[in-house]
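Undergrad: Sequence:
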Amino acid sequence: MSWQRRGDFPHLIRTLRERYRYRDEIKWQHVRRSTLPFYKDLVSAFFRAPWLGFHALVVRRPVVRRELHASCDEARQKHFGMLLRAKIVKCLRAHPDRKQTVRVYVDPLHSSYSKAVEVLEKIMRAVVQRTFPDVTIEGAL
Numbered sequence: 001m002s003w004q005r006r007g008d009f010p011h012l013i014r015t016l017r018e019r020y021r022y023r024d025e026i027k028w029q030h031v032r033r034s035t036l037p038f039y040k041d042l043v044s045a046f047f048r049a050p051w052l053g054f055h056a057l058v059v060r061r062p063v064v065r066r067e068l069h070a071s072c073d074e075a076r077q078k079h080f081g082m083l084l085r086a087k088i089v090k091c092l093r094a095h096p097d098r099k100q101t102v103r104v105y106v107d108p109l110h111s112s113y114s115k116a117v118e119v120l121e122k123i124m125r126a127v128v129q130r131t132f133p134d135v136t137i138e139g140a141l
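Here my numbering is used: the first residue of the sequence shown is 1, the next is one more, and so on.
Note that these hints are calculated values from the structure, not bench results.
Treat the hints with care, since some could be wrong.
As the list claims (entries may be wrong) - Lysine to any residue pairs mimicking SDA-like chemistry, simulated, CA-CA at most 20 Å apart:
#, residue 1, residue 2
1, K87, S44
2, K27, V43
3, K90, R103
4, K27, P108
5, K87, V135
6, K78, V128
7, K87, R14
8, K87, T131
9, K78, A94
10, K78, K99
11, K122, E67
12, K78, H11
13, K40, E18
14, K78, E118
15, K78, Q129
16, K87, K27
17, K40, V64
18, K40, Q29
19, K40, K87
20, K99, R125
21, K99, V128
22, K90, V135
23, K90, V127
24, K87, Q29
25, K90, P50
26, K40, R19
27, K122, P96
28, K99, K40
29, K99, Q4
30, K87, E67
31, K78, V43
32, K90, R19
33, K99, V58
34, K27, S44
35, K90, V128
As the list claims (entries may be wrong) - DEER-style ranges, computed between Cβ atoms:
#, residue 1, residue 2, range
36, E118, P37, 27 to 35 Å
37, S2, L36, 43 to 51 Å
38, Q129, F54, 21 to 29 Å
For clarity, every value in this text was computed on a predicted model and none was experimentally measured.
Quick reminder that beta carbons are idealized off the backbone N, C-alpha and C, glycines included.
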């Protein structure tokens, strides 16, 4: 979602909450027969909004070359880092004449290493800034 549209997202959610009188926390574990219409409309609204983007990384374990990684955690972090880098670089290359700020917010990473997020953030900053030295990267992974 572009930074300029950040106010539209809460409005979208608020509108759906009011329509369905949904007051609970929005979590997939809360999907029940009674809440299903709300969740279906939520997903539909998300994918109908051209200003929202959804990115997912699915890697089947047998495909991962384990000999290139110290652990499954490391492999997951590398794949995730490559996805982030590709998305950021694509965005920056799409508008090379604009001053751009990249903000990345990511749900907690599941890892046995407690500082995995900080490591990924430092690596991503270094990789992106090596390619685009004038870009400001804000936010925390």
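Undergrad: Please go over all the hints and tell whether each is borne out by the structure.
TA: Against the structure, the hints come out as follows:
1. A C-alpha spacing of about 23 Å is found between K87 and S44, which places the hinted pair above 20 Å, so the restraint is violated.
2. The straight-line distance between the Cα atoms of K27 and V43 is roughly 12 Å, inside the 20 Å bound, and the hint therefore holds.
3. For a cut-off of 20 Å, the pair hint linking K90 to R103 stands: about 14 Å separates their Cα positions.
4. Using a Cα cut-off of 20 Å, the hinted pair K27 and P108 holds, with the two alpha carbons roughly 15 Å apart.
5. Taking the CA atoms of K87 and V135, the gap is near 14 Å; set against the 20 Å cutoff, the hint holds.
6. Under the criterion of a C-alpha separation no larger than 20 Å, the hint pairing K78 with V128 is consistent with the structure, at around 15 Å.
7. Taken as a hint, the K87 and R14 pair is broken in the structure, with Cα atoms around 29 Å apart against an allowance of 20 Å.
8. Between K87 and T131, the direct Cα distance comes to roughly 13 Å. Compliance with the 20 Å bound is thereby established for this hinted pair.
9. Under the criterion of a C-alpha separation no larger than 20 Å, the hint pairing K78 with A94 is inconsistent with the structure, at around 24 Å.
10. For the given pair, K78 sits about 28 Å from K99 by alpha-carbon distance, which is inconsistent with the 20 Å threshold.
11. Our distance criterion of 20 Å between C-alpha atoms is broken by K122 and E67, whose separation comes to about 24 Å.
12. Using a Cα cut-off of 20 Å, the hinted pair K78 and H11 is violated, with the two alpha carbons roughly 35 Å apart.
13. Taken as a hint, the K40 and E18 pair is honoured in the structure, with Cα atoms around 15 Å apart against an allowance of 20 Å.
14. The straight-line distance between the Cα atoms of K78 and E118 is roughly 13 Å, inside the 20 Å bound, and the hint therefore holds.
15. Distance hint between K78 and Q129 is fulfilled; the C-alpha atoms sit about 18 Å from each other, no more than 20 Å.
16. The suggested pairing of K87 with K27 is violated, with an alpha-carbon distance near 26 Å, which exceeds 20 Å.
17. A distance of roughly 34 Å separates the Cα atoms of K40 and V64; the hinted pair therefore is violated under the 20 Å criterion.
18. A C-alpha spacing of about 14 Å is found between K40 and Q29, which places the hinted pair at or below 20 Å, so the restraint holds.
19. For the hint linking K40 to K87, the alpha-carbon distance of about 27 Å lies beyond 20 Å, and the restraint is violated.
20. At most 20 Å may separate the alpha-carbon atoms for a hinted pair to count; K99 and R125 meet this at roughly 17 Å.
21. Taking the CA atoms of K99 and V128, the gap is near 15 Å; set against the 20 Å cutoff, the hint holds.
22. As the CA atoms of K90 and V135 are separated by approximately 13 Å, the hinted pair is consistent with the 20 Å bound.
23. For the suggested pair K90 and V127, the alpha carbons sit about 14 Å apart, so the restraint of at most 20 Å is met.
24. For the hint linking K87 to Q29, the alpha-carbon distance of about 29 Å lies beyond 20 Å, and the restraint is violated.
25. This hinted pair checks out: K90 and P50 have alpha carbons roughly 17 Å apart, not beyond 20 Å.
26. Taking the CA atoms of K40 and R19, the gap is near 13 Å; set against the 20 Å cutoff, the hint holds.
27. For the hint pairing K122 with P96, the CA-to-CA distance comes to about 23 Å; that exceeds 20 Å, so the pair is violated.
28. Straight-line distance between C-alpha atoms of K99 and K40 comes to about 38 Å, which puts the hinted pair past the 20 Å bound.
29. A C-alpha spacing of about 14 Å is found between K99 and Q4, which places the hinted pair at or below 20 Å, so the restraint holds.
30. Straight-line distance between C-alpha atoms of K87 and E67 comes to about 26 Å, which puts the hinted pair past the 20 Å bound.
31. With a CA separation close to 29 Å, the supplied pair K78 and V43 exceeds the 20 Å bound.
32. Distance hint between K90 and R19 is unfulfilled; the C-alpha atoms sit about 37 Å from each other, more than 20 Å.
33. For the given pair, K99 sits about 32 Å from V58 by alpha-carbon distance, which is inconsistent with the 20 Å threshold.
34. Distance restraint check for K27 and S44: the Cα-Cα separation of roughly 16 Å lies within the 20 Å cut-off, and the hinted pair is therefore satisfied.
35. About 11 Å separates the Cα atoms of K90 and V128, which keeps this hinted pair within 20 Å; it holds.
36. In this structure the supplied range 27 to 35 Å is violated for E118 paired with P37, their Cβ-Cβ distance being about 41 Å.
37. At roughly 31 Å, the beta-carbon separation of S2 and L36 lies outside the given 43 to 51 Å, and the hint is violated.
38. The beta-carbon spacing between Q129 and F54, approximately 26 Å, falls within the hinted interval of 21 to 29 Å.
Checked against the numbered hints above, the structure breaks hints 1, 7, 9, 10, 11, 12, 16, 17, 19, 24, 27, 28, 30, 31, 32, 33, 36, 37 and satisfies the rest.
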